[in-house]
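These are the residues of each chain, in order.
2 protein chains.
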Amino acid sequence: MPTINKSRCFVTGGAGFIGSNLVDRLLDLDCEVVAYDNFSASFPEFVASAKGNERFTLVNGDILDTELLATSMAGCSHVFHFAANADVRHGLEHPERDLQHNTIGTFNVLEAMRANGVPWIGFSSTGSVYGEPEVIPTPENAPFPIQTSLYAASKLAGEGLIQAYVEGYGMRAVIFRFTSILGERYSHGHVFDFYRKLAADPKRLHILGDGKQKKSYLYIQDCLDAILMAVDRCEDKVGIFNLGHEDYVTVDTSAGIIARTLGLSPEFTYEGGERGWIGDNPFTHLEIKKMQALGWQPKVSIEDAVAKTVRWMQGNEWVFDQRQ
Amino acid sequence: MPTINKSRCFVTGGAGFIGSNLVDRLLDLDCEVVAYDNFSASFPEFVASAKGNERFTLVNGDILDTELLATSMAGCSHVFHFAANADVRHGLEHPERDLQHNTIGTFNVLEAMRANGVPWIGFSSTGSVYGEPEVIPTPENAPFPIQTSLYAASKLAGEGLIQAYVEGYGMRAVIFRFTSILGERYSHGHVFDFYRKLAADPKRLHILGDGKQKKSYLYIQDCLDAILMAVDRCEDKVGIFNLGHEDYVTVDTSAGIIARTLGLSPEFTYEGGERGWIGDNPFTHLEIKKMQALGWQPKVSIEDAVAKTVRWMQGNEWVFDQRQ
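Chains as they are written, first to last, in my numbering: chain G, 1 to 324; chain X, 1 to 324.
In short, the hints are calculated from the structure, not lab data.
Be aware that one or more of the hints could be misleading.
One copy or any two copies: either way a pair holds, since identical chains are not told apart in the list.
[Claimed, not checked] Subject to a maximum C-alpha distance of 30 Å in a straight line, what follows is the list of computed BS3-like cross-link-like pairs (lysine-lysine):
#, residue 1, residue 2
1, Lys237, Lys212
2, Lys203, Lys237
3, Lys290, Lys203
4, Lys214, Lys237
5, Lys197, Lys290
Pulled out of the complex, with its shape left as it was, chain G reads as follows (with noise of 0.2 Å):
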């Protein structure tokens, strides 16, 4: 496989978390990018520096507008479809939400490859497609998984027809299975919840679950590289890998080091039970030996990650405004 380097890339949900952190390192890379969002969840913001890229062009667009996907996705090389509906914990009100955005704009986004004659997609899948593993670190050939939640299931519907793609129209693929990714421009999850709470009431930090279920957070830029490398080294036809760190932590010691980074002291209080909310997984620990086999390897620690993530916050506070 030739290198990404100079490549017209595709990026959906490119104005998010991780798609806009993947648009500047492939303008580093003297790629050409398009960014498709519909800014439900991302913020023009996070493309603000690439905007000023005579290589960047921003689409406003929602993958679920066939017509504009495909007329915009024109020209590329390399699709990321990172476009998703990662509101996990509210699934359960909304059930439409996932199939739509997930699965139904995952179709929507290979039917613009066909249209265009784009070849390889690049696809955010997540290690909740495992459900509650037996196995666990879980290795990307765990047992057939039993889904628990609507967005694992929506992510594994978008994996299958991804697959089928491959197989059916001569297409290439690399599927990530992320666990939590922290850093720069992180907007949702678990740190988010902490540190507005504790900006609501600093001594006291209620928690959903015990605390004590075990999850592993991975370093947006360590994700990164992962997935840069992937693109250049992966010779499957569908290469599928985990992206997580060989360690992992409890939500108490996390929200220790969110209270520490802030120089805070709360108390903690906890709303019980072994999982957070209905699809919560007491213990997620992804095998990542797979893409380490490729020559990458996590960097950032998992406490760096958190605090880093936190300082990102203090530094961005308008977030929270722009966030229900």
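Following the hints, complete the assembly by docking chain X onto the known chain G.
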């Protein structure tokens, strides 16, 4: 679990091959049965005998018609969701069909269940979700597969949705991963194709692939014995069961049985290649130990199942006239 006898059951695809046979069995168990079918691949003749039963209701409706679907399901305690686009071979010619009828259709059925408070669903999935498995015979907890057809991808998406609904909304489900089913009312698949080719030219039979593909088949009444047993005996929140046969045959063997049953000795010619079409699997054989552990065992041999199918077709050639 109480038995399903005397329950009010909703059967999508209830005028199709497997669905209509299930309807007859449920009526034999003193159930009330609502069959819901759009007759895109079904036949009024298949529910002709059921229509004589006062416990039977037929609704001519599409699972994409969410309103009719929800009102028709009122008062049912069990949903057997057997409606599907089952045209595996030609999926690539119209990729939206599997998404619409199988994935979105299943979502619609689940939403109709939620609206009506129906707590239980039985789902016709497929052994094709295992792709080209490394482990043969393939157990339900085989390594996480890669999809090779749009049909299987859409069924996998349906499985995931059902599992997430079970977890999120407190339903229960039994998911059946079928091998190819044969028997009375069979109306598409290789026996159908071979029968039709031999009717056109009794001296020659052209076979897709090299004839060495190994396939397993299950007789419809054995299949329904398993389904009804699993409904009564499965105690898991989500039960997943392969439905297949311990034996398998090559396509050549199967073609030979068909020809012999018809009293013909055609010359076989071959399209060539290991696979009959893109997404075809050269070796399909499901492990059935999990279903056997509930006390089930197929009674009809594959040879007898093929011969019974041919004999049914001989007496029902009208099916050909109504099929493209």
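Checklist entry - Between copies, within a copy, both or neither: which fits Lys214 and Lys237 at Cα up to 30 Å? => result between (33 Å within a copy, 25 Å between copies)
Item to check | Homo-oligomer pair classification [Lys290, Lys197; C-alpha up to 30 Å] | outcome: neither (38 Å within a copy, 48 Å between copies)
Next on the checklist: Reference check for the pair Lys237 and Lys212, CA-CA at most 30 Å: within, between, both, or neither?
Outcome noted: Close across copies (25 Å), not inside one copy (39 Å); limit 30 Å.
Checklist entry - Can you tell me if Lys290 and Lys203 fall within 30 Å by alpha carbon in one copy, between copies, both or neither? => result Neither, since 43 Å and 53 Å both go past 30 Å.
Next on the checklist: At most 30 Å between CA atoms: does that hold for Lys203 and Lys237 within a copy, between copies, both, or neither?
Outcome noted: neither (53 Å within a copy, 41 Å between copies)
Figure legend: structure checked against the earlier numbered hints; hints not met, in rising order: 2, 3, 5.
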